[in-house]
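Undergrad: Chain by chain, the residues run as shown.
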Amino acid sequence: DAGITQSPRHKVTETGTPVTLRCHQTENHRYMYWYRQDPGHGLRLIHYSYGVKDTDKGEVSDGYSVSRSKTEDFLLTLESATSSQTSVYFCAIAETSASSETQYFGPGTRLLVL
Amino acid sequence: GQSLEQPSEVTAVEGAIVQINCTYQTSGFYGLSWYQQHDGGAPTFLSYNALDGLEETGRFSSFLSRSDSYGYLLLQELQMKDSASYFCAVLFDDKIIFGKGTRLHILP
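Protein sequence lines correspond, in order, to chains A and B.
Note that my numbering has the first sequence beginning at 1045, numbered continuously upward.
Note that my numbering has the second sequence beginning at 137, numbered continuously upward.
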């Protein structure tokens, strides 16, 4: 299994509070991704990174920001959490790029915004 | 825009063969991948088609036809542990777009 962890694994927070989710990899892979998964929507890309300090938006980036100051860590921040951001969040890594065909996923973070 | 269509649910019998279809409206992608996800778990990679045709990996096979904008995942000799959700995904240079997934139910 790829060395990829997410923290926290579960979090309950209140509307309006900031939340930061962490993805940590030990594979030295260049590409990292944040997805959210909701019933009926599958996996939707929030943001991704193609190197340290290099990030770009995905299809559902509003309300989220990311940072990558080290190869191994990719942080996802909800500046002011809303109930619509209640979801399961998955981080994924890829060695070269998405076209390398395989992404490895972390175990996920379940976030509940009350 | 980019979209992938999959059936939301499929039911099959243990030991049988099942095909999960994926149609797409997008272009300029590198290939089509399939991922499996068990309840409460993370998606895991199953198969990838860069070229048209059939790719076989044990009990699982995947097919791509770019001219028909269509692909499928074929699961043979179904086992109860194959009960899961299956996602097709198209690969671009720097990101992957996933379908909404197909829930596979297996009856004993």
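Some hints could be false.
[Unchecked claim] Not the full set, but computed from the structure, chain A residues with beta-carbon under 10 Å of chain B:
no.	residue
1	Tyr1075
2	Gly1084
3	His1085
4	Asp1100
5	Gly1102
6	Glu1103
7	Gly1107
8	Phe1134
9	Thr1146
10	Gln1147
11	Phe1149
12	Gly1150
13	Pro1151
14	Gly1152
It should be emphasised that the hints constitute simulated quantities derived from the structure, not laboratory data.
Backbone N, C-alpha and C define an ideal beta-carbon position, used for all residues, glycine too.
Undergrad: For this structure, which hints from the list above don't hold up?
TA: 7
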